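Keeping their order, the protein sequence lines are chains Z and H. Start counting the first sequence at 0; every next residue gets the next number (numbering that gives the first Met the number 0). Start counting the second sequence at 0; every next residue gets the next number (numbering that gives the first Met the number 0).
Don't read these hints as lab results, they were simulated from the structure. Bear in mind that the values here come from a model prediction, so they are computed numbers and not experimental data. Just so it is clear, CB atoms sit at the ideal spot from N, CA and C, and this is done for glycine as well. Just so you know, not all the hints are guaranteed correct.
[What the hints assert, rightly or not] A few chain Z residues that face chain H, going by a derived Cβ cut-off under 10 Å, partial list only: (1) Ser109; (2) Gly110; (3) Val248; (4) Val277; (5) Lys278; (6) Ala316; (7) Ala324; (8) Leu336; (9) Ala340; (10) Ser344; (11) Leu365.
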Amino acid sequence: MTPLLQVTDLTKHFPVRGGAPGSVAPIFAGPRRLARTLAAPGKDPSSSATRDSARHAESTHQTPRSDPQTSARHPLGSSLLRSQRGLIKAVDGVSFSVDAGQTLGLVGESGCGKSTTGRLLMRLLDPTSGSIRLDGQEIAELRRSGLQEYRRRVQMVFQNPSSSLNPRQSVGSAIAAPLLAQGIEPPGGVKAKVRDLMDRVGLRPDHYNRFPHEFSGGQKQRVGIARALALDPHLIICDEPVSALDVSVQAQVINLLQDIQRDTGVAYLFIAHDLSVVKHFADRIAVMYLGRIMEHGPTHEVFGAPQHPYTRALLSAVPQAAPDADRSGRIRLTGDLPSPADPPSGCVFRTRCPAYAQLGAEHQELCRTKVPHRAVACHHTELVGERLRTAVAATD
Amino acid sequence: MATTPQGSTSTPAPMLDIRDLRVSFPTDDGVVHAVNGMDLTLARGETVGIVGESGSGKTVTSQALMGLFKDTSATVTGEIRLDGEDLVPLTEAQMRAYRGKKIAMIFQDPLSAMHPFYPVGAQIAEAYRVHNKVSKKAAAAVAVDMLGRVGIPDPARRYSSYPHEFSGGMRQRAMIAMALVCEPELLIADEPTTALDVTVQAQILDLLGELQSETGASVIMVTHDLGVVAEVCHQVVVMYGGECVEQATVADIFRDPRHPYTQGLLASMPSLAGKSERLAPIPGFPPSLLALPDGCLFADRCPQTHLVPDQACTTTRPTLTGGAGSASHPSRCHLTLTEPVREVAR
């Protein structure tokens, strides 16, 4: 059976452009650079740009380089005032699939690329490379009518219900907007369909002509969900749909999303940073770190027996709402997330990996030099378990 | 790792004693009653968690403790006794002697709590010089030392960095350094880790625990996350509609939640440990602080009102009862007055 959504080697690199303090020199060098830009549009490796990138490199300790192949694929020209200084590898070779009627949870810390992945799937961004297939159809090839049809089948619920609703649009007309945009006339008319949707998400019919500011956060998120449901999509991308809500309201929205899935068979890509919510909600889980998927599998496996040291650390960092819980053997990560503009070579997690220091020289060599292309993106899953125990014992 | 907050020992005279604290603000729409009778006691070296949802009054309570409503249109009544002295009647000028020195605060968003145009170290040194007559140089040395203690690498160099040059976790570390530089006896942490990722949150909570055991400060941890409470607190105060609805030790609040709101809060949380059952959300929404009902503030969302005779829930505001002497910890509910009825409710 082909999955509903198949994502293969999805990659999105953003150019880092100039504009940092101290880069006024190119402006004054303008006339010269302008002449050169005009002479050779699209590439402008001017001396000042090189100098700038060298200075930038100094401030970030390391040279923001990209492998020649990537650069070749993305000839990003520099303009008169801005020059390219590197690439942010927001999503770097991500593969996963979502089956019809299932939920995939995409978890990770801020900056790991989970939201970018969601935006790529919506085609709000175009991928640098890789493939996204919905029912076998490659979405990068879609144009106009094909894309419109795709957007009918894939909808999105955003994190912040206040900013994703137009403050001057009544909620009834916000929910009707997708139907009008697609030119769909449901049997019984648009208004009846909207009232039906409002009823399904727990809004009262008299809310139809009200405006977003009259609603609480939880109600606004219900409006967002009704709007996403208007076109009977096959897949809804939920980007942190409950993280702006209070606990008691969060539970209402989670239950609502689950009821909708049970009734309509819609599939969710559930992007969240709250592991407890994802564990509760998702059938499968993909854990992202610095643009890559570290571990991917059924929820009970990933949470029950995490293999990757990052998954283990992430799980043990979650505060447990149980005072009697066993808190020994916790893994604490040190330091901050490395910059995605300059990720570590080889395994991106190695700089914070609690087991790395415990590995032998040749094992470390492998971590430094090779990207682990495995289901669990770690070269040493077998070794890591026991090394982690040593590391934890040392710190306790 | 934070010291496990269980089995608090016998309570000496409380360092902080809040009695019937009320805070209200006049607005164009009427008077907003943000805090409506808050009681709290805190012993030296202990950590109390104030839990509640947005609008429950937990942040306003902590701001009132800092005396941030002096010279404003807000009305603050009740008692806030710090080592026996009432802070409520103090003027802004008198409060300054306490603020930073005896009570310090860590804010949720350090980027907006710090001045963007001054180096981080200079801001810490300034906080020190307000209360200590030392040279700028000496204060700078103290600030560098403090940055080192909160785990910022290369503190001498980072002294001259600006807030925007720090990562979120480092900024919160610097914020903690600023709050602790005068060695306050009471530290108020208002959602200190809410803006942080979970791995960084774990680091910051550990750090707070370590520094607390070094300095012996008492901590008020304001949070919406019961997980954080279970990790770091000894005592918990649950707030709803500006009232303290339940106060207990951490062990008791999870084992034997008394107030229906606390029970609802626990049931609506997805857990990482347990199996995934359907969540039990609390229906409805919190009350408007502009027009509070006469009865229990939680009555219209409470599943147990039918167990209370004479519709007392909608007519009479319950008081915080139980605690000292009785078998149970204090809770603001008519049901807890009648033990057998509570058993039926389960």
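Each hint tested on the structure:
1. Residue-level restraint check for Ser109 (chain Z) holds (minimum Cβ-Cβ distance to chain H is 6 Å; threshold 10 Å).
2. This hint holds: Gly110 (chain Z) has a C-beta 9 Å from the nearest C-beta of chain H, less than the 10 Å allowed.
3. Against a cut-off of 10 Å between C-beta atoms, the interface hint on Val248 (chain Z) holds, since the closest Cβ of chain H lies about 7 Å away.
4. For Val277 (chain Z), the interface hint holds, since its Cβ comes within 10 Å of a Cβ in chain H; the closest pair sits about 9 Å apart.
5. Below 10 Å, beta-carbon pairs count as interface contacts, and Lys278 (chain Z) has one with chain H at about 6 Å; its hint therefore holds.
6. For Ala316 (chain Z), the interface hint holds, the least distance from its beta-carbon to any beta-carbon of chain H being 4 Å, beneath 10 Å.
7. Against a cut-off of 10 Å between C-beta atoms, the interface hint on Ala324 (chain Z) holds, since the closest Cβ of chain H lies about 7 Å away.
8. The interface hint given for Leu336 (chain Z) is met, as the beta carbon of that residue sits about 8 Å from the closest beta carbon of chain H, less than 10 Å.
9. With a least beta-carbon distance of about 14 Å to chain H, the hint placing Ala340 (chain Z) at the interface is violated under the 10 Å criterion.
10. Because the closest C-beta pair between Ser344 (chain Z) and chain H is about 21 Å apart, greater than 10 Å, the hint is violated.
11. Proximity of Leu365 (chain Z) to chain H is violated relative to the hint, the smallest CB-CB distance being about 24 Å (cut-off 10 Å).
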